[in-house]
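Participant: Protein sequence lines correspond, in order, to chains A and B.
Number 296 in the working numbering belongs to position 296 of the first sequence; there are no gaps in the numbering.
Number 1082 in the working numbering belongs to position 82 of the second sequence; there are no gaps in the numbering.
Calculated directly from the structure, the hints in this document are not laboratory data.
Backbone N, C-alpha and C define an ideal beta-carbon position, used for all residues, glycine too.
Some hints here could point you the wrong way.
Unchecked claim - Computed footprint of chain A on chain B, listed as stretches where at least three residues anywhere in the stretch have a Cβ under 8 Å from a Cβ of chain A:
#1 1132 to 1144
#2 1159 to 1173
#3 1178 to 1192
#4 1239 to 1248
Said to hold, decoys possible - The calculated label-pair distances, taken between Cβ atoms and stated as ranges, are:
#5 B/P1028 with A/E451: 21 to 29 Å
#6 B/K1203 with A/I16: 54 to 62 Å
#7 A/E451 with B/L1012: 57 to 65 Å
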Amino acid sequence: MIAAHYAALQVVAPLIAAPLCVLLRRGALAWLVTVAVSWIALAIAIQLLVQVMATGPVSYELGGWAAPWGIEYRVDSVNAFVLLIVSGISAVAAPYAHHTVVREIPEDRHYLFYSAYLLCLTGLLGITITGDAFNVFVFLEISSLSSYALISLGGERKALTAAYQYLVMGTIGATFFLIGVGLIYAMTGTLNMADIAARLDPVEHTRTVLAAFAFIIVGLGLKLALFPLHLWLPNAYAYAPSAVTVLLAATATKVAVYTMLRFVFTLFGADFALDVTFFAEFLIALALVGVFAASITAVFQNNVKRMLAYSSVAQVGYMMLGVGFFSVTGLTGGIVHLFNHALMKGALFMALGAVFYRLGSVRIEHMRGLGRQMPLTMFAFVLGGLSLIGLPLTVGFISKWYLILAALERGWWPIAGLILLSSLLAVAYVWRVVEAAYFRDPPPDRPRATEAPLALLVPTWILTLANFYFGIDTSVTVGVAADAARALLGEGG
Amino acid sequence: MTGGQTMVLAVLAPLAGAVAIAASHRHPNRREAATLVTAAALFALTASLLAPVMAGERPRAILWEIVPGISIGFEAEPLGMVFALVASFLWIVTSVYSIGYMRGHREENQTRFYVCFAIALSSAIGVAFAANMFTLFVFYEALTLSTYPLVTHHGTDEARRGGRTYLGLLLLTSIAFQLLAIVWTWAVAGTLDFAAGGILEGKASPALAGILLLLYVFGIGKAALMPFHRWLPAAMVAPTPVSALLHAVAVVKAGVFTVLKVTVYVFGIDLLADVHARDLLLYVAAFTIIAASLIAIREDNLKRRLAYSTVSQLSYIVLGAMLVTEASVIGSGIHIAMHAFGKITLFFCAGAILVAAHKTNVSDLDGIGRAMPITMCAFLVGALSVIGLPPLGGSWSKFLLALGAAGAGQYVFVGVLMLSTLLNVAYLLPPVVRAFFLPPPDADGRRISFSEAPPACLVSICVTAAGSVLLFFFADLLYVLLEPIAITTR
């Protein structure tokens, strides 16, 4: 029966489709395969989430080898939610990709693009679903290597430097992570996550485990662009092809955040992490400094893609803040923000991709007067921007609500104030674009831009409206996130 | 139709109107007809709620829950009725005025103007009928955003700068302070529903209540309490109908209305009486009243002068709320209506002068009363109402506020109110005096021809001026309506 193999199919479907794209050699066919596989992945992710919420965690032994010898895929409410985010974004981004790819990438490389895209998807889904620490590393490398390739496909020569920068930083991150996993293996003799969690207790206070913890946190910190380890991100997002930016911005850092959640809470355990001197305080401090530094930098960017990339670094800060509170409310806020941020950045980068499609540029001075010429695209951008700011009825508000509540629960009201102040910086950078697009005349030398094609508008608006839908009906997102938070903190669920 | 459905319709009607306006952007007459029909429908809807509310009913409609315990919902109560009635009635008048003004002044982007106007009204009605602080906040922010394109309407550097100040200050205060106060209230009280007697009683210590009060009152930037008042003069770059309805009525009154709501239904006047931060706010409000009046005296630009006058008048309401006596709270509620009619008349006149004579400064108004006698007479009526002289509406609210201050034993604030009245005279009457008693600069003895504003403008001016007079004679209706909000349990 196929339903029993959903967990494996989640990863195997895109993995098989990737070489298929190479064999097909035709860009359009490869695109169709990518879209189909993305939708299948989404369908599977939904099935898994429903199953997990109904009957509890799902365990799958790959190749019939029982854990801890074989690799176990283990789906609980935490990663089922992340699987949904990744596959959901891909399901919207893949149809969107076609037009932008035709525009931005030489025709003889189209099939390679889709093949790399599918590999990246495989990696991201794999990291999320696996219950094996070493397997995480394997998928991490799959997703990283394919995203280096994807970024380097960007039109400008700077894309090569950006990809190289990411390659160096990403490799350091992955290596650190691997060292950490190796140290844990040395201490526990197992790589299965559940097993590690069970065996780590007696050796918890050895220096080796502490070192492993440090290596893993720093390694993952690099991958999730935790300030000040974020330096690779702005260029990577700014120079990657539009569709890649959408996929990476909406999913890659989320998966890294998930991995950190998994290691900190499931493997090491919240008690261990809280025992590590100043870990929570350190995380909160870095998160807050990151939020402010990155937001302020974003205000001064003239390339809107770079602006939003810095904003992503800031948003990662919010997620880390949620982790740093070590409470159900805080984690709920952090986890729901994984989903919510994917929606807002997805929508915003898609709108920008549509602008790039018409203008060939996303510099703020080229976007003047665009509100009249591309009304639907720019209005989607405005709405996405409102969500980023966190105005009520948008998803951004829900995330902020829980984060502030968590800060107040701990009695840290200055942090609550800082969270709110930081959203004002989002007003500053979003509004620079709004003002240029709506209240300035188009530059005289720019030919009149027309509205983006429907193939770009429809996915953009799906994500834009999702920003409002999930800002109003939060029963699914907050429900799952709260469940996941309780599971991570070991409070039932 | 139940009261709850009526409120939902009242919020949706202007939005539907906005769609109709946008759809008929190629046919100006049809577009303006859409605005007028929507405005009339909105007023009819709100007016239909008056009788049940006066009979003591509190129609409710809870639409859906965002997160457990926090919902979008509406409830009609006396304060909201006053605000909704004033805003929706004056929208009709302003729409008529706008037609004359926008066409007479040949403004561009008129469709965007009317669409945003309708959305702003929908937001204002949402604020008026909000059943909880969360719903109020949603519409409060929607009001900020929908009026921003109206402030930057002209698209000039000055307009963009004004828009930045407007949006910046309003979002700063609402997000940094008000939202924090809301989340904090939720964390402490476990509910955000407005309830008679407040929701913080027994839940928040006086010290915490003090912090919350400061966060709320400064966080409600639309109340223009100093030092967060700069957005209001900045908003004067907008076309005059916007200044008239939104920045003398809907937006600013949404601010002071929220202050009153928080006072009465979140803190409750019993709890608030024990909060020491109240004293600080009393003095800040008093300072704002006096300082804004002094600035107004020095402003030569007529609209900016009126804007500072509004800043000053809004603080009357904050002052009344913070005095927490029965007379002062009801006086504040009545002042929402009284000031609205007076100030909108003044703005209409300023706009009429701009359209007919192309003058914006007080110093250019010499002798203009001969060319525009109707406008300047109406200006006098509006000015006297704002000053607070009988037989004009403004006298009642000022009387009640002074009574409240005296009743609380706070004679300083009686003095402040009286001093402010003198200052009002000093900045509101000179335009009238110049208009009627000084000779026009280029007269040279020849007859000045009668050149009034377009008829649509004149009609509106006369209606609001007459309204100011009528409110003097029918103020007891407002008093009876508002009486229930000031009942204390002690």
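Participant: Now tell me if each hint is right for this structure.
Facilitator: Checked hints:
1. 1132 to 1144: holds (count 4)
2. 1159 to 1173: n = 8 at 8 Å, threshold three: holds.
3. 1178 to 1192: holds (count 6)
4. 1239 to 1248: It is violated: at least three residues are needed, and the region 1239 to 1248 of chain B offers just 0 whose Cβ sits closer than 8 Å to chain A.
5. B/P1028 with A/E451: 21 to 29 Å: For B/P1028 and A/E451 the Cβ distance comes to about 25 Å; the hint holds.
6. B/K1203 with A/I16: 54 to 62 Å: 59 Å, holds
7. A/E451 with B/L1012: 57 to 65 Å: The hinted range 57 to 65 Å is violated for A/E451 and B/L1012, with Cβ atoms some 28 Å apart.
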